[in-house]
Amino acid sequence: MKLIYLGAEVPSNRTLLETTSATQVGVSFWRLRERGLPKNKDYLLENYFPLEYSIYVYPGIPKGTQLSSAELASFAAEYEDFIANNIDRLTTFNEISEVDPAFVAEQRRTAWSQVPPGKFQPVWDPNSGMKGLVAMVDDYLDIAIPGYAIEEQTQLAVVTRTHARTSGTRFHAIGCAKPDNLRQVSIETASTMSWLSPMMHGETIVWDGMQIKRYPKRMKDQARSRYRNVYLKAGLDVDKILEDDPKEVCER
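Heads up, the sequence shown is in our numbering, so the first residue is 68 and it goes up one at a time.
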């Protein structure tokens with residue numbers, strides 16, 4: 068399973084990623100748009116990422132955002148242009164999801180019907196149930212699954228494992244990095260913002276040699292002191308970690 072590091076549309080995050088061995092990165096078009104796209108030229112991923120990077124693109128509409136029909140249509144048109152301009156450089160991209168199912172179906176029929184196989188990831192709507200997921204297996208090689216659904220839908224474990232084995236379908240988790248959840252399903256990739264949590268929210272995330280441990284901000288001092296030897300073995304600067312250095316606490 069490949070872990071995709073979300074947030075690479077932010078220059079400071081890209082700089083941080085470049086200091087690590089992480090080359091599987093996720094880009095949110097919504098955040099790129101909010102930050103301001105070039106007015107007189109296209110935003111080309113090849114100008115911002117080294118050739119060895121695998122780039123996964125997401126619409127990135129924040130959960131709970133309410134868009135009018137006109138706003139959604141405008142965003143979709145911009146997203147389509149962005150994908151068309153970058154289709155050769157990106158690894159895969161997700162469709163716009165969690166909007167009117169009729170809109171999603173129309174996008175699949177028109178905008179995305181001619182996309183090269185393996186580039187496009189339709190997103191399963193948990194409201195369609197397992198029947199809806201199985202129906203997608205007949206049409207698509209890759210299917211994205213919202214991270215929250217993995218925890219809520221207990222049947223996913225059997226369905227994903229069965230179809231990964233029998234039909235070769237590749238499933239991808241969006242916004243999910245909980246090891247216990249990911250172990251339940253057959254997943255090719257999992258995208259996450261968790262790698263930024265130590266810097267943004269004061270959390271502590273560490274691999275202790277057996278499993279990933281995650282501690283809230285209130286336990287930061289206690290947790291980071293406890294894993295001093297783990298940090299040293301990984302070649303990290305313990306003093307910088309204890310001082311909450313934003314770069315060091317996010318190192319892999």
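These are calculated hints, taken from the structure and not from any lab test. A quick note: this is a predicted structure, and the numbers were derived from the prediction, not measured. Every residue, glycine too, gets a C-beta built ideally from N, C-alpha and C. Any given hint might turn out to be false.
Computed list of lysine to aspartate or glutamate pairs in EDC-like fashion (alpha-carbon distance at most 20 Å, straight line) [what the hints assert, rightly or not]:
| hint | residue 1 | residue 2 |
| --- | --- | --- |
| 1 | K198 | D247 |
| 2 | K186 | E138 |
| 3 | K69 | D247 |
| 4 | K245 | D206 |
| 5 | K198 | D209 |
| 6 | K284 | D306 |
| 7 | K108 | E165 |
| 8 | K130 | D167 |
| 9 | K130 | E219 |
| 10 | K130 | D206 |
| 11 | K186 | E219 |
| 12 | K186 | D206 |
| 13 | K106 | E165 |
| 14 | K186 | D148 |
| 15 | K186 | E119 |
| 16 | K106 | D167 |
| 17 | K108 | D167 |
| 18 | K186 | E147 |
| 19 | K69 | D206 |
| 20 | K69 | E119 |
Using C-beta positions, here's what the derived DEER-type ranges look like [as the list claims (entries may be wrong)]:
| hint | residue 1 | residue 2 | range |
| --- | --- | --- | --- |
| 21 | R250 | Q181 | 31 to 41 Å |
| 22 | D306 | S180 | 54 to 64 Å |
| 23 | E173 | E219 | 45 to 55 Å |
| 24 | S180 | K307 | 25 to 35 Å |
| 25 | N296 | T221 | 32 to 42 Å |
Right, here's what the structure says about each hint:
Restraint check for K198 and D247: the C-alpha separation of about 25 Å exceeds 20 Å, so the hint is violated. Restraint check for K186 and E138: not satisfied, since their Cα atoms lie roughly 26 Å apart, outside the 20 Å limit. Annotation: proposed proximity of K69 to D247 holds, straight-line Cα distance about 16 Å (limit 20 Å). A C-alpha spacing of about 29 Å is found between K245 and D206, which places the hinted pair above 20 Å, so the restraint is violated.
For the suggested pair K198 and D209, the alpha carbons sit about 17 Å apart, so the restraint of at most 20 Å is met. A hinted pair counts as satisfied when its Cα atoms are at most 20 Å apart, and K284 with D306 qualifies at roughly 18 Å. Among the hinted pairs, K108 with E165 is inconsistent with the structure: their alpha-carbon atoms are about 30 Å apart, more than 20 Å. A hinted pair counts as satisfied when its Cα atoms are at most 20 Å apart, and K130 with D167 qualifies at roughly 14 Å.
The straight-line distance between the Cα atoms of K130 and E219 is roughly 17 Å, inside the 20 Å bound, and the hint therefore holds. Restraint check: the Cα-Cα separation between K130 and D206 comes to about 27 Å, which exceeds 20 Å; the hinted pair is violated. Taken as a hint, the K186 and E219 pair is broken in the structure, with Cα atoms around 27 Å apart against an allowance of 20 Å. At most 20 Å may separate the alpha-carbon atoms for a hinted pair to count; K186 and D206 meet this at roughly 14 Å.
Of the supplied pair hints, the one linking K106 and E165 is violated, its CA atoms being roughly 29 Å apart against a limit of 20 Å. The hinted pair formed by K186 and D148 meets the criterion: a straight-line CA distance of about 15 Å does not exceed 20 Å. For the hint pairing K186 with E119, the CA-to-CA distance comes to about 17 Å; that is within 20 Å, so the pair holds. A hinted pair counts as satisfied when its Cα atoms are at most 20 Å apart, and K106 with D167 does not qualify at roughly 30 Å.
Pair hint K108 plus D167 does not hold up; C-alpha atoms about 31 Å apart against a cutoff of 20 Å. Annotation: proposed proximity of K186 to E147 holds, straight-line Cα distance about 13 Å (limit 20 Å). Annotation: proposed proximity of K69 to D206 is violated, straight-line Cα distance about 23 Å (limit 20 Å). This hinted pair checks out: K69 and E119 have alpha carbons roughly 15 Å apart, not beyond 20 Å.
Checked against the given bound of 31 to 41 Å, the beta carbons of R250 and Q181, roughly 36 Å apart, stay inside it. Between D306 and S180 the Cβ separation comes to about 55 Å, which falls inside the hinted range of 54 to 64 Å. Range check, E173 to E219: about 27 Å between beta-carbon atoms, so the 45 to 55 Å window is missed. Between S180 and K307 the CB atoms are about 50 Å apart, so this pair departs from the stated range of 25 to 35 Å.
Between N296 and T221 the beta carbons are some 38 Å apart, a value that agrees with the proposed interval 32 to 42 Å.
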